[in-house]
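Both chains are given apart, each in its own frame, so use the hints to dock them into the complex.
Protein chains in written order, with this note's numbering: chain D, 1 to 387; chain V, 388 to 734.
Below 25 angstroms or equal to it, Euclidean Cα-Cα: the simulated DSS-like pairs (lysine-lysine) are: (1) Lys119(D) x Lys575(V); (2) Lys727(V) x Lys165(D); (3) Lys112(D) x Lys575(V); (4) Lys577(V) x Lys112(D).
The calculated label-pair distances, taken between Cβ atoms and stated as ranges, are: (5) Asp524(V) x Ser299(D): 21 to 31 angstroms; (6) Lys612(V) x Thr288(D): 46 to 56 angstroms; (7) Glu223(D) x Asn408(V): 48 to 58 angstroms; (8) Asp276(D) x Leu495(V): 51 to 61 angstroms; (9) Asn408(V) x Asp117(D): 38 to 48 angstroms; (10) Lys2(D) x Phe700(V): 44 to 54 angstroms; (11) Cys135(D) x Thr505(V): 30 to 40 angstroms; (12) Ala416(V) x Asp117(D): 28 to 38 angstroms; (13) Thr288(D) x Asn468(V): 33 to 43 angstroms; (14) Asn628(V) x Ala387(D): 33 to 43 angstroms; (15) Lys29(D) x Thr505(V): 33 to 43 angstroms; (16) Arg461(V) x Ala387(D): 46 to 56 angstroms; (17) Asn646(V) x Asn364(D): 55 to 65 angstroms; (18) Gln81(D) x Arg443(V): 52 to 62 angstroms.
Hints are computed from structural coordinates only; laboratory data are not their basis.
Only a predicted model underlies this, so the values are computations on that prediction, with no experimental measurement involved.
Cβ coordinates follow ideal geometry from the N, Cα and C atoms, glycine included.
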Amino acid sequence: MKVVISGIGIISAAGFNLEQNLDAIKNGKRNAGPASVFSTILPYPVFEVKALPEKLEKEEMRTQSLAFAALKEALDDAGLQAPLSGFRTGVCLGTTVASQLNDIAFYTAFRKSGSADLKPVDLFLSGNLAESVACSVNASGPSITVVNACSSGTDAIGIALSWLKSGLCDIAITGGADEISRVPLCGFGSLGILSNSLCAPFDKNRSGLNLGEGAGILIIEREDFYIKRCGKPSLYLTGYGSFADAYHLTAPRPDGTGLESAIRKALSDAGVLPADICFVNAHGTGTTDNDKVEGSVLSRVFGNKIKFLSTKGYTGHTLGGAGGIEAAYTAAALKEGWIPASAGFACRDDEISISPVTENTAINGSFAVSTSLAFGGNNAAIVIERA
Amino acid sequence: MFISGIGIVFTRGRGIDSFENALKEGWRAPSWTGSFPAYRVGQEILIDASLSKKIRRADRFSRMAVLSAVDAYRDSGITVNQSENLGIILATAFGPHATTFSFIDDILDYSDANVSPTKFSNSVHNAAASYISAILDSRGPTVTVTQFKLAFQNALILAGSWIAEGRCDHVLCGCADELGTVMEYACKMKLNIAKDGKINPFAFSDSPVSVPGEGSVFIMLSKEKGSNNYGKVTETSFFQNITGKPDLFIIDTDGMSGNEKDYKDIINYGSLIAGYSPVFGSMLTGSALNFAAAALMLKNQVAYKCIFQDNPFGAKLCAETYAKNLDEIYCIKICRPEIKTIVKLQK
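With the rest of the complex left out, here is chain V (with noise of 0.2 angstroms):
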């Protein structure tokens, strides 16, 4: 399946454009409004005017989604005209769980039967998926899923089988976490956090760093190659050895999983290696992102540099920013060795 279009809300702004420019411009301190440094987006991010009316209802996840849902369909320059033809699958590890506990405020604050049925129905995972397909008048197969580990992968799959079943011609594929006061605490108490800010994505550490954040990237599927092209996922595959040589390893080595020892391994492949996670936070659902740069740098031909601190290993990693032929990128998450997610992306 082809890729024709990507939109994308992170901490350094919304579209394409803003992520290309981030990529560009390497690293930049994440906020410190709480106890810890965290990759947030920011409110202003999140207006659209021409979209006002339409989302004036919706949450903070459900806008992140909305707009990078949008944007991607936006971007790929095709006009669905049978709206049946396109599908949409939201992947999220933990769906919009602010709204769910400001409903629960309501429960607390003014009992159980005085709480706000519009705080209830967009504390609903599907609720984002459902703003989408209102919007875009979009009839297909509409489904949000849940993973911890493999969210995106998933998706993914279910898009390629989609297309291929023929139940469309092209799947809004995206995923969306937010940051939430309760999520913050979560993360405080349960993951190794960067006290300056920096991800150390290829230190393959068995105490990794992380830095949370948030966003959202939805990426438009085509079954035909369409007038905006960045390539096309050749391969998504679970627990399978890697073989082949890509130009181009991206890793999601962003401190959540806890290890990253078995990310060492990749060296000996020869290729060269990224990963992209200091741009954007450690988030669950961060392989989207990832997946993202991959497509941009295929379209592009560019080798986007790679932020670290150190390379204790020697790996072959991309360190500028420069043109360079990228004919095929794999991009490895690993979550235990025997749960290994490839998937392959071509020019």
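Isolated chain D (complex conformation) (with noise of 0.2 angstroms):
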């Protein structure tokens, strides 16, 4: 039994849709700027979404504003209309900054006084993020939100397609999203893994990442249940791998083991070798660690011919939500036939055998490959299909 791919939907800093995203990133756009969000001493540049559907935005809930904003565009992608209650619906999406009451004017009242206005405690209750999209759609499946960190989307989608594969449901919504916060910004500044300039991913002078925000989301069917609805596929989601480094709390490991593990598996799970695949949509965070720890595992399984590149230099770091607008970026690109040039990357790392395109690249082939690695040391991969 084979899982399509029958609907797109993305919103990052490169854009409000899949076309304005895929237009920004062939013009190499990069929108970064100072947080404007909300107020910080600090001096890194994020990726900020800058205005959101205004029908779409949720009040004070910017996670499932732009969750909502995706999960419209990939239903009207995938033909389909809210509510879904006529299907077997599930609902997996990956998150980090959603699931944390971290509401800090909230925070500043109650240890001023021991009291505090309830309404930021009220919305965190109601934000769950699958709980809310799989309300907002009446979804009857199983609905769950995943909370590992950085590779949230990626486990997310992994699991979505675990649901259809098993039979537990026909149609599932997946991927992730995640909002610019002051949480995270301080959390990754104090591992000093921020950089003060645009990040440069798998380049020799990179100096960390930049936060983003973002989500991206897919909308995955059993093949005979699209069929009957609509015809010919033209993507599938056919593989997904995910282990641990059981390492560090924030730390890859070394010899990148539990990220060839994940890639390995994904393999297996699409049936296919590392030989058909065409591109891989590499983690990539422009962090000494992991871009070395990545492009090793990448030469490793792939080869040094094989084409890669990170998509984070035109979104940013999005956390939960990169697996989701990597998924996203890697099924459009797989569409169109041709990848993006690695934003950032000018520079060949002696440590890192590979290096990403540094140009338009066409592409062909059928398989592609996205990756995602997290803090707690989780690596998830998945295998995407052009019919």
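Spelled out as structure tokens, the structure:
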């Protein structure tokens, strides 16, 4: 039983929909700047979504607003309309920020007086990402929010794939969403992995990541169900692998065996060999450790001629949204037959034996891989196929 | 999938034996450290000399999760030779929120540029699963999931998928939630807290009382039946009517849903009914503790008494602890009439 990708929706600093995103990355636009959503003394540039679609904006629920914007586009693309109550629909979405009650104004009032307006608590309690999306479309299948840090979106897609394969549902809404927030900005800053300039994944002189925000949503369906509904599929989600480093809370395992296992599992799940992969959309954050480990694993698994890139130079690191956004880019690139230049890369690192593509590049082939690495030592990979 | 091990950290101790003793003993008054009664986990429960080095930087949330996960693994008696064959799923409603607020304290007190990286990395929801994976050298799929209504049930479904797909042979599947200061405030303002510290699980009230709790449970789920076996999970379903007649229903009535009227219909099935929230408190992830009670009952073939003050609808309750042939138990959680989950366990 194969699983079809029937709808793609994306919102990021690069654009409000897939078309705008692809146009921006084709033209090398990097819409980063100082944080404006909140006040901070930190100087690091971020990739913000400048204006949310008004109709979809949920008051003080930025992650949900981003998710609903991408969801609308994905449902439209799939030819579906909410409510989906006539179908067995599951919802599996990744996030990080939206899973935490971290409202600074609320907490400031609480610690000052021992009491505070509970509106942020109410918003939080009504804002579990998967629950709120499931509720909005009347989904009647499983719904779960994955909070696996930076691999949340990719793991969410993999879990949704498992649901469809095991017959738990016919359709799944999956991917990830995250907003830019002061708390993770301070946190990543404290870890010394934010860059003062635009990030440069895999570059010799890379100096860290830039945070971003956005959402990437895929609608995936069981092939038999999709064919009855729509006809011939054009994209498939064919494989998923996820393995842990069992090593460190914040640093990747230096030998990269967790990531390698995740990629190899995704390939075997898809029934393909490394040679069948025409490009890899790498996690590529722009931090010293991540890119070194990931570059080494990609060359080990795919050889030195593999075409690969990181799209974080266009979107920033969108944390729980990254896996969804990057899966959306990967699917769109396969469909369109090109990948963009890996933004920020200029100079090869002697410690990484392969280099990402430096210009918009045509691709020939049917399979691509998207990877995610995360805090906590999670590694995840998916395989997408062009029909 | 088979239930091969259970680990638990709750208000009355650590380990499945503590839980069994609590079920036998019955109700004990909660603590009154704040302005309301709550089933808190004492700091002394979270000390473990054998793990102290590995969890020295871990916060309270992670410690609860680690200790229960390690205990479930040990309880199973299984040694997973291929570390990639063991998966981990941690479900939580609120995650390590106390650490998040402690991190925000740093922002407020010392500025955005002078905060603790250790606090930040521990405030991330999946920190606990990361500790568990490192301690057990478990390299299989490891995910943390969050949900307010049906976190444990969704985690069970995922564990079943992983085992069915062959992603791993064993899954440590658990829940953890803590009761930090801010959460206590939210509970005080939003819940109908029982002033006498007594949850009333069988009143089936439309304004039920609760007594907030905290803790963690991990269940070792295995593809094959192991030397230690509590029974098996045969089905986890959503949105379906109850079919069949189990020996016992265990219901998640703890006051957290705000309305428990719909549980009343379970009386009509004629089976024995139990619910153990008065032992561990009200938690959004409390289903996992009731599940642990069900597994223990199947293994020991004992029905544990449940604690209640009144039984206005004449439910056939498990009023005493006694030896009983138990082949099948259904664990039921109803959020709204249309959101009902059934987890079926068999001997």
